[in-house]
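Novice: One-letter residues, chain by chain:
Protein chains: 2
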Amino acid sequence: MRDFLPQEVKRRERALNIIREVFESFGFLPMDTPALERTEILMGKYGSEGEKLIFRILKRGEQAISGESDLALRYDLTVPLARFFARYQNELPRPFRRYQIGPVWRADRPGKGRFREFYQCDIDIVNSPSLLADADIILALVKILSRFNLSNFVILLNSRKVLAGIIEAYGVPKSLQETTLINLDKIDKIGTEGVICELKKIDLPPSIMSQFECDLRQVGNDLENKIRENAIGREGLREVEELTSLLTPVLKGCEVKFSPLLVRGLNYYTGPIFEIYLKGRDGAIASGGRYDNLIEMFTEKRIPACGGSLGIDRLMSMVEISDDQEEQPISSLQVFVTLWDGNFRTDVLDIAEELRNSGISVEISLEEGKIGNQIRLALKRGARFCLFYGPDEKSKNEITIKDLQRGEQLTVKRNELTQKLKSLIQKR
Amino acid sequence: MRDFLPQEVKRRERALNIIREVFESFGFLPMDTPALERTEILMGKYGSEGEKLIFRILKRGEQAISGESDLALRYDLTVPLARFFARYQNELPRPFRRYQIGPVWRADRPGKGRFREFYQCDIDIVNSPSLLADADIILALVKILSRFNLSNFVILLNSRKVLAGIIEAYGVPKSLQETTLINLDKIDKIGTEGVICELKKIDLPPSIMSQFECDLRQVGNDLENKIRENAIGREGLREVEELTSLLTPVLKGCEVKFSPLLVRGLNYYTGPIFEIYLKGRDGAIASGGRYDNLIEMFTEKRIPACGGSLGIDRLMSMVEISDDQEEQPISSLQVFVTLWDGNFRTDVLDIAEELRNSGISVEISLEEGKIGNQIRLALKRGARFCLFYGPDEKSKNEITIKDLQRGEQLTVKRNELTQKLKSLIQKR
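For the record, the sequence lines run as chains F and E. So that you can map any letter, position 240 of the first sequence is 240 in this note's numbering, and since no number is skipped, the others follow by simple counting. So that you can map any letter, position 426 of the second sequence is 426 in this note's numbering, and since no number is skipped, the others follow by simple counting.
In isolation and in its complexed conformation, chain F is listed as follows (with noise of 0.2 Å):
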C-alpha cells in the first residue's frame, strides 16, 4: 500500500479527470458502492485463488476472539456492480452504461508495480447482449490511452466460449479444468515448454496430456482445428471473429490479436475477453470482457453484461516514460500574507479573507521573523506576489506588494488592494 505525496496527487487527479471525461464522452454515468460488501456478496465468484486474496473484517465483539467475519473488503468493481444492479434495477437506465472509480483491495504478496491497494476505472453496459457493447467498452478504453498520448497497442481478444471449448475437445475432467485454464494461460510468460511443465504437474489423464504437448508445440491450426470440433468452441470463434471485425474498421493501425489460450483470472466470465498491451511493456493496462450469468446470482432473472477495467497505475507509471507534457505548477497559490508581528494577525487575516472573497487564493504567514525568510517561504510555495503591512503601512493607510516573478514592488492605498491584485494577475 502506499502514501502519495502532494505532487503525484495532483498528477492522479489531472488523470483521473481525462477519464471521466472519456468515460462520460461515451454515455457511461458515475455510480459508487462502499469499500465493504457482505462476505456472501464477494465469495463463490472470483475463482479459488481469487478467493484467497479477498480481505476480511473481523467482527466487532464476542465474536472477535473465534475469528468471525461477516463483512469483506471488496476484491474488484464488478462483483458490487451486480449487486448494485439488482437492488436497482427498477432506478436504472437500461441499458445501464456506468463508471466507477475507487480502490480495490487484494491480499496479493506484494511484487514490483503491484499494490495490494490499487484504483480501478470500471465502465460496463449492463442488459446488453449485443456485441456493439463489448465493442464500445473496449473503443472507451483504447480512447483514454490514445488521450494519454499512448499508442502502439496490441488488444488481444479471446472468449470464455472458446476456452470451454478447448475443455471439452480435450475431454479434460472436471476437476482439472480450473487449473488446467490458469496453466494454459501462462504461455505468454513461461513458453510452451513451460506450460507443458505445468500440466504434467496436475495429473492430467495420458492421453490427454500427450495431446496438449503435441499441439501446444505445434501452435496455431492444430489448436484452432480442435476448437472447431464443438459448438460451444465453434460459437466463441464466431465471437471474437465479429467483434474483430467490428472493432479494426475504427482502430487504425491498432493491432487487435485473437489469442486463444488467454485465460483472465476471473470466475464470472462467460463470453469475450480481452487484454491490452502497450507494445513491448509486460502487464496489462487495461482488460475485461462478458459476464452473462453474474447478475443473475443477485437477481432471478438472466441479465447479461460486459465491462472492461482500465488500472490507473500502471496508466500512470506507462504515462511518466511518454510524458512530453510540461509539469504544472503543484499550487495555484496567487499571494502570500506576511506577518508584520503578533499585534498584526488580525490584519493579515482581514487581508486574506478580502482577497479570498475576490477569487484570489491566498496563503498567510503563521509567524513573525524575519522578513527575507517570509519571502522565501513565499517562493517556496509558489506564489506570485507577496504582502507587506507593518506599523509604517498601516499608518499611512498602504500596503505593499511585491512582484516576486519581475522582483518589482509598489505601494497602494489599503482599499485599492483587491482591485490592483486583480488587474496585476490579469495583466499577468
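Some hints here could point you the wrong way.
Repeated chains share a single entry, so a pair holds when one copy, or any two copies, can fit it.
Said to hold, decoys possible - Straight-line C-alpha distance at most 30 Å; calculated DSS-like pairs for lysine-lysine:
#1 422 - 396
#2 45 - 413
#3 143 - 420
#4 143 - 10
#5 59 - 45
#6 252 - 422
#7 143 - 413
#8 396 - 370
#9 370 - 301
#10 174 - 427
#11 143 - 380
#12 279 - 143
#13 186 - 59
#14 252 - 394
#15 174 - 257
#16 186 - 174
#17 427 - 143
#18 301 - 252
#19 200 - 189
Since the hints were derived computationally from the structure, they do not count as laboratory data.
We have chain F; now place chain E onto it with these hints.
Specialist: Same frame as chain F, now just chain E:
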C-alpha cells in the same frame, strides 16, 4: 454503508470540487494515504470508546483461524497524517498545509444520518504552534459553508486545557477523568440534570459530585471561576479568548461562542477545539482542534499541529434543504446514434468515433429496433441530437440529424456531419 446512484455521485462530485477549490485557495496541498493502516498505528490514539469502533482485518492463511489481525481500516484522517508526516517530513514544505478527502470507517451502530463508511474532508497545518493556524483552519471550513450559501452558523470553541483545568480544579481522580469528560460533553444533548444523573453513575467521590451538581446547575460564572483557579485552566481560557479575538473581526455576523464543556471525542487533542453548527440543526457540520503531541508518537520530535474536518454527508443533507440552485442535467450527452440493423454496426461505431474525436459526447444504440423506441431512449439519456443512418442515407452518402429539443430534422452529406453538428451545438 451506502450505494450512490448516478445523480447523487454527480452532486457529491460537484460539492467535492468546490471544497477542493476552497482548500487550495487557502494554500493547502492534497495528499493521500491508504485505507488500511497497521493496527499498532491506530491503537492508543482515539480513547477506549473510539478504539472499539476500529474495523480490524483478519490475517490471511493459517493465522486467520486464531482471529489475528495486523491491519485495520483507518478511523480518521488525522492519525494517518501523523504517520505520513513522520515518514516524509524531509520532503514536505514547512509549515505543511495539507488537505485530504476520503472515506473513513467506524464500526458504529448505524443511526439516522450516520454511516459506517463516510467521507471526511480534512485540512491540517503541521509544524506551527501559532493560533493563527487554528484560525485559518476554521476560516477555511467556514468559507466552504458560505460557498454553499449556508449562513447562520455558530462556532463553539473550547480548549483541552480548559478541560484539564476543570479536572484539576474538581480533583477528579485519574481513572475517572475520561468518563467524566465524556459525560460533561453531553450537556447540550441531555441537559444539566441528565449530565448530573450520568455523573452519579460513575462513582465520583461524594464531595466532587456535590460540587459538580452545584456548579453545573448555576452554569456560567461558577464553572469559569473554577477553571481560573489553576494555571492550565487559565492558559486554556487565554487560548479561547485569543482565538475568539482573531476570528470575530473576520467572521462578521457569525457567532463565536465559548463552550467550556465541549470535549470532542478524540484523545489526541491538546489545545483549542471547535465545532461548527448550523443554527437549529443537530450535529456538527465541521470540527477539529489542536494536537501538539500526536506526531511525536511517530517521530522523536515534538511537532505542533492543528486541523479540522468537514463531513460531506451532513453538508450534502443541509445543502439539499437550502438548495436553490437549478438541478444540473445528469448527463452531458450531446448525440445519440441510432442503429438501423446489424449490418450498420460498423457504421455506427465509425460515426461515434469521428464525433468523439472532435470532442462531442456520443452514445450509440446497442440494439436495432423500432425507430420510435430508439428516439425515446435518446431522450431518456438527455441527448440533444439523434442521428439516423440507414440504407437510404447510405446510398446517397448522407446522414439525418434530428434536433430532439426543437423537433427539427435535417439531412447533410456524410462527410459534413461533424462540422454541421459542431455549429449546431455552438449555436445553442
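Novice: Of all the hints given earlier, name the ones this structure violates by number, lowest first.
Specialist: 2, 10 and 18
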